[in-house]
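**Student:** Here is what each chain is made of, one letter per residue.
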Amino acid sequence: MNLSFHLQVINLLAALLLLISFAMLSQRRVVGLVTLFAWQGAALAASTALVAWSTGQHHLYWSAALTLALKVVAMPWFFYRLVRKLDINREVEAVLNIPTTMLIGIALVIFAFNLALPISQMAGTVTRSTLGIAMACVLLAFLMMITRRKAITQVIGFLAMENGLFFAATSASYGMPLVVEMGVALDVLVGVFVLGIFFFQIRETFDSLDLKHMERLKER
Amino acid sequence: MEIYWVLGIPLAGGLFLAAWGNRARAPELNALFSLATLAAAAALTMRIVAEGPIMVGDGWFFIDSFNVFLVALTAFVAFTTALFSRPYMRIEKDHGRLNDARLRLYHSSYQIFIGAMLLALTTNNMGILWVSMEAATLATVLLVSLYRTPASLEAAWKYFILCGVGIAQALFGTILLYFAAEKILGSGGTALLWTHLNGVKEQLEPTVLQLAFVFLLVGYGTKVGLAPLHNWLPDAHAEGPTPVSAVLSGLLLNVALYAVMRSKVLVDGALGNDMAGNLMMGFGLLSVVLAAFLIKRQTDVKRMFAYSSIEHMGLITFAFGMGGPVASFAGLLHMTMHSLTKSAIFFAVGHATQKAGTQAMDSIRGLIRTNPTIGWGLMLGTVAILGVPPFGVFASEFLMITTAMHEHPWATPFLLTALGVAFAAIFGKVQPMVFGETELPRLPHQPALAPVFVHLGLVLMLGLFIPPYLADWYRQAAALLGG
Amino acid sequence: MLDATPLDWAWGIVLYWLLLAGAGLACRRHARLVTGLLFPLGALGALAMAAVGLAGLALPAGHFVLPIGLPDLPFHLRLDALSGVFLALLGAAAFGVTVYGAGYFRSMEAGPLALLALWYHLFLAGMALVLLADDAYAFMVAWELMALSSYFLVTTDHKVPVIRKAGFLYLLIAHVGAVALLLCFGVLQGGHGAYTFDYMRSAALTPFWASAAFLLALFGFGAKAGLVPLHVWLPEAHPAAPSPVSALMSGVMLKTAVYGLLRVTFDLLNVQLAWWGSLAIALGLLTALYGVVFAAVQSDMKRLLAWSSIENVGIILAGFGLTVIFYADGKGGLAALTLTALLYHAVNHAFFKGLLFVGTGSVLHSTGVRHMGALGGLIRFMPWTAWLTLVGVLAIAGLPPLNGFVSEWLLLQAFLLTPGLSHQYLNMIIPVAAAAVALAAALAAYVMVKFYGVVFLGQPRAENLRHAHDAGWPERLGMAWLAAGCVLLGLFPSVVIGWLAPVTRLLLSQTLVNDGNWLMLAPVSAERASYAPVVFFLVVVAITLVVFFGVKRVYHGRTRRAAPWDCGFPEQDARMQDSAEGFGQPIRQIFSVFMRVERETPDPFDAQPRYRGDSRDKVWLLAYQPIADLVAWLSAQAGRLQHGSIQWYLIYSFATLIFLLVFTR
Amino acid sequence: MTAGLILQTFQTVLAILLAPLLMGWVNQCRAWLQGRAAPPLTQPYRVIRKLFHKDAVLAHDAGPLFRFAPYILFACMALAAGIVPTIANDLPFSPAADVIALVGLFALARVFLALAAMDIGTAFGTLGARREMLISFLAEPALLMVFFTASLISHSTELPVIVETLAHKEFVIYPSMAFAAVAFWMVSTAENARIPIDNPTTHLELTMIHEAMILEYSARHLALIEWAVALKLFVYSALGIALFVPWGIAPAGDLAALPLAILALLAKMLAGGAGLAVLETLSAKMRLFRAPEFLGTAFMLAVLGMLTHFLLEA
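Going down the list, the sequences are from chains A, B, C and D.
Number 50 in the numbering used here belongs to position 49 of the first sequence; there are no gaps in the numbering.
Number 29 in the numbering used here belongs to position 28 of the second sequence; there are no gaps in the numbering.
Number 130 in the numbering used here belongs to position 115 of the third sequence; there are no gaps in the numbering.
Number 265 in the numbering used here belongs to position 263 of the fourth sequence; there are no gaps in the numbering.
Everything labelled a hint here was simulated from the structure, so no lab data went into it.
Check each hint, because a few of them may be wrong.
Dumping the calculated DSS-like pairs for lysine-lysine here, alpha-carbon to alpha-carbon at most 27 Å [as the list claims (entries may be wrong)]:
id : chain 1 : residue 1 : chain 2 : residue 2
1  : B       : K430      : A       : K219
2  : D       : K270      : D       : K287
3  : B       : K430      : C       : K174
4  : C       : K180      : C       : K633
5  : D       : K56       : C       : K567
6  : D       : K171      : D       : K52
7  : B       : K430      : C       : K180
8  : D       : K52       : C       : K567
9  : A       : K86       : A       : K213
This is chain A alone, in the form it adopts within the complex (with noise of 0.2 Å):
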């Protein structure tokens, strides 16, 4: 019965993960969504660290590790750097209201289910039912990039993003062989670092990271 426990565990873990994801698309200030992400990192990290507990499957302490250094220690603490050095903690204007995109959220979490459900039925893996929401939490984090101005909103969301897919390929498979999930550590990695170049880049040639001035490059 301590699976079953356990289960309960993850799907509430997996609930919260959703939860932030939410938060996220209706936070107006940076260094919130810096620390909702780290969160939401946590969750992440908590959930397949669980899971490997529960299903025995030790490389997933690994990615959970990992997750952990990076999305809950590493970047949430550069995000603040950044903040702070660029100081860019201001409201981050929506393109869309926050009650629209949250409705708009809702119709893709339901979307994401149905998409979902076909293969979590054929899922083996205890922690299929799962795979619904990691689905949702990539549509949302892509609908956040969506509606958010602000470079480095942008590069939360797509990091959120990424949370998404680990968690969905933690619920599904637990989780990609080790060297993949290395490499795309890795990758994700050296994205944020390119990415710090870039703010400062993009800072010191329009003086902010308001995405309102780079759409110069149309056709007219």
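Use these hints to put chains B, C and D onto chain A, whose structure you have.
**Tutor:** Positioned in the frame of chain A, the structure of chains B, C and D alone reads:
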């Protein structure tokens, strides 16, 4: 063993050049590394010619007729581009658009980029394929923004975000693929090996693979530049340094398409219908038509040829979507021809823009007066890319269009329109650039145009005569791609 | 060497031309070498090619496979009677033109001249390959090689914006036509790369697909032949090219389109439908009338000739349509007659149009003027050019005993024979068609009188014309060759028709019976119709001489010179002669429906009165302009998708993803 | 064959000699109808003879083309006279040129005359040439269509065969020939520069067509041209006769019918000339730009004739 050389040299080169910095001879070293890579690739190719498909490193690397010619092509174009970039970048530096630090960045990430693409081509693991595709993107993001102009930064940013999001979809597709695979192949590394997957593709779960393919197509398709996912492409090509544009549109698009094709093979096997083919045909046609009409309104020469890349990628995708030995053969041939021709064009364009000091086509005039070699290079390259025989691009278009008329007549009006519009647009813009009078002085330095004419010579040769072994590769690859 | 078949010779000559092209590129420094050596050598090749063509007419078809091309599809070559006659045409016309060119290009500077030699010989080789190709790929490669090289020839003088525009338009329409041909071959091919013509001959198509193939071929080849409404490039491109090139394009290149149409319709397609013929006749006659009317209102001599080429193509196409009708109706003999007529006309046109173009070339060369309003009286300053051109003028005006008349005669005979047809409505239509042909022929005479009269006769309209120098010897030689062709083809039609017999046998498995003998032409039967040009010619000459010497003998031959009659108005000057516009004015008035006229008339007190009458092609305004606008509008719409905001781009990706997910459920 | 040759030469010479007579006769009739004192019947001969005796005056720039045109013109008309069956029906020459060639022959003469007119480069020469060509480009196809109607009936474009069919086969009424006849009359007025298209006796340069072309000619050249013009009128009349009232022309190889044929010819010519004179007197010369409409009508009538042939006689 050659495979390790092929992958190792560029990586080593990247690290070394990063360390070496832009001291004297850095460009030469860059070219040298590329040459070494080319040599290794040649050796590998020889081996494949001799022994047929091989699996190296207990299944981690797999080289068959499909990717070996892409490896050879990539190494070759990488080398010629390195040759071209040597004088080009020096002039950029003289014009004060670049400094040592950026050149160091350029040289090292150039090698890394090449290495990543070669890895993507040779790996047997769909996951590693994804990883190296992402790595290739990351390596080029900073190259696109090399000039640090607002425009280039914006382009790089769009490139990064759009491709990043796209590639994330591809990762989801890969996860689904793994999810479907591990039930048959068991969990662990081998479940993502393409060869294993290919072996059991009939047993893979159709619904999952269908879903997976959608994500993979949207993901890698973004990097291929299929409309409407193409929006990053013209910006990145237009704002990056010309050598980067050349390798981006000449090589990276091919590699992305290669990834799509590898997945398509599996999906076709699993689904047993031509859903994937139809999707690709749809994307292909849309890209061809949209690109053709967008070319019409370009004023920036590099941007225009970027759109022409979208058009040709669309053609290739359409051909692969049609399937069948002839169409797939045509698609592979067109991949080769397009990367050779398009990179040649970018070389010529690069020198032309350097001379005119702008990329605006209205202010580039009478190249044939100021520098006949550039002028003729651009003219012949344009004629070639527009599919005029005896250049090889025509050979593939011939096969595609006739097959399309035979298999899918409904598509031909779109093709006819698109090709007509694209021809009118591109040629109508290039002709005044090449011909006519100008008051610009002759180019101070002697451009390195050997690559241009080497490429065009190859394209011409392949239009009239395709070596038997090359033809055999194409045939085997076409059979592999569901011929 | 001795046992080499005509085909071996043919592709040998093609190779030889390619080598000459390379050589042309090689001697970028030595202009004399190009004109003094390369062009004469090329001319020799052309002469040999003519011989090869004639041999190919006589001998059975030969096959050959070149080891180049696509992997599964090496170049198949074939030389049969049809290719033979067109190769002969190509060789014969190209010989004259190339000899002419050897003199004409002497004044060019070395660099452009070398390029010109390159493209010129590539052009010749391309046209020959088109005629030899026996599979779709080889055909298309040759076809586009021909188009491309001729494009570079047209834009030889690319500093002039108009010429660039002309070249662009030409290449564009040529390319669209080529794609249509690709689609046509796509219909004909058997899938899995069965692209050889042999396969296509054996394949059986349903009438629907056969019609599709025919229409595509008609479009593709029509675009090259200058079929209305695809003709717009022709009056721009032909005048833009250097005159020998215009001569080749008008004289030979247009015929390759006719060749292709015949090849596809009668050789590759295994079914012919009567309505194809009706369509072809309708289009052909429209083209003929349209062309000749516009020729009549031109004031630039090369444009005038270009339009007249459109007219002749139209007549040839009408003949083609009639052939299809007869053949589809099972009247092999009559089909043979029409086919002979149209082939004959193709050959004739090659000769006289080539002659006229090089004639204008000499005028252009020595005066630098193309506008007829600034020419005149040249017969006194450049007699060789003028008199040789006169032959071409009389020939193209369809006057006996020259060659233009023979083919028109044959064609009209064919029209007269239609009552045999089973379709009643065709019986009704054909006479009207015949009337239209007759009208076009008569108008051609009008056009030619205008052309010759304004350019060569009367008073020079500008002073510098008095110093115009006559053509040099190579030019004279080339023109004389072409003129001789016009005369001989006119005098000995029976012989020529004998030569053409294998073609009709090949395509229609039927030959034209000539009931006459070597000097009398009598198709079908001497009872029906006969024409003996030699007798005709001799009688006219005899009577002329008899009367001439008779008059001299019986009366004194005294002659005084005096000023011409000025009807009491002393200030007669050259500007009072009819200008080109003036000569065109009645036609412009009668056929004003075809064209939009723009004219500037001077006010009475103008010191330097200038008159400009310009007749714009309505097809351009009604068909092409709207298309251009539509494309521009569409591309503007497409451009709005691409408006820079990354959010929108993300939405595109997102929407695509969602759409596909929903779509594939 | 020899008989044929004799006939051929005889007929040709006869035509050449009789041609001015017809011209004279027409002028006489016109004079009578207009109530003038008529010139003698032989007036044209006198004019020609007078002209031959004069010294030729050439413009300074007149070239060989200008000088040779009259001879070519004359030769063409003579050949035409040899081809058209006037009195006899088997003519060795006629296979050399059928009706289409005949039209070509007229065109040849016309083009040479027009070119000659433009050679000197006076305002009126070019004006005449242009008008002449303008009229002919409608008249020529109309004439061709008239011939086509006839040859559709007789399944041949050989004049002798046509005449044979129309005259010596069993008598049939061909409605199509009625149309053809009207068209032929309209065309021949234009081709022979008669009223209502042109006025042979005008002296106002601006209204001239034919006369404007030959304005520069004098003496022997002019004489030849006048003669050729007369000959042309004769040939056209002969054509009209051959096509529409062919009875009386001697069939092949029957010399006995010859005298009768000559009489018939003379009778028909008298009637025809008179008729032409009457028509000319009744109608007035029309403005130049009405001429295309007039000839267009002729053209349409001829085509209509062919169509009626298909409707009623096929």
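**Student:** Run every hint past the structure and note whether it holds.
**Tutor:** Here is what the structure says about each hint:
no.: 1; hint: K430/B <-> K219/A; result: holds (19 Å)
no.: 2; hint: K270/D <-> K287/D; result: holds (26 Å)
no.: 3; hint: K430/B <-> K174/C; result: holds (16 Å)
no.: 4; hint: K180/C <-> K633/C; result: holds (19 Å)
no.: 5; hint: K56/D <-> K567/C; result: holds (13 Å)
no.: 6; hint: K171/D <-> K52/D; result: violated (47 Å)
no.: 7; hint: K430/B <-> K180/C; result: holds (11 Å)
no.: 8; hint: K52/D <-> K567/C; result: holds (15 Å)
no.: 9; hint: K86/A <-> K213/A; result: holds (21 Å)
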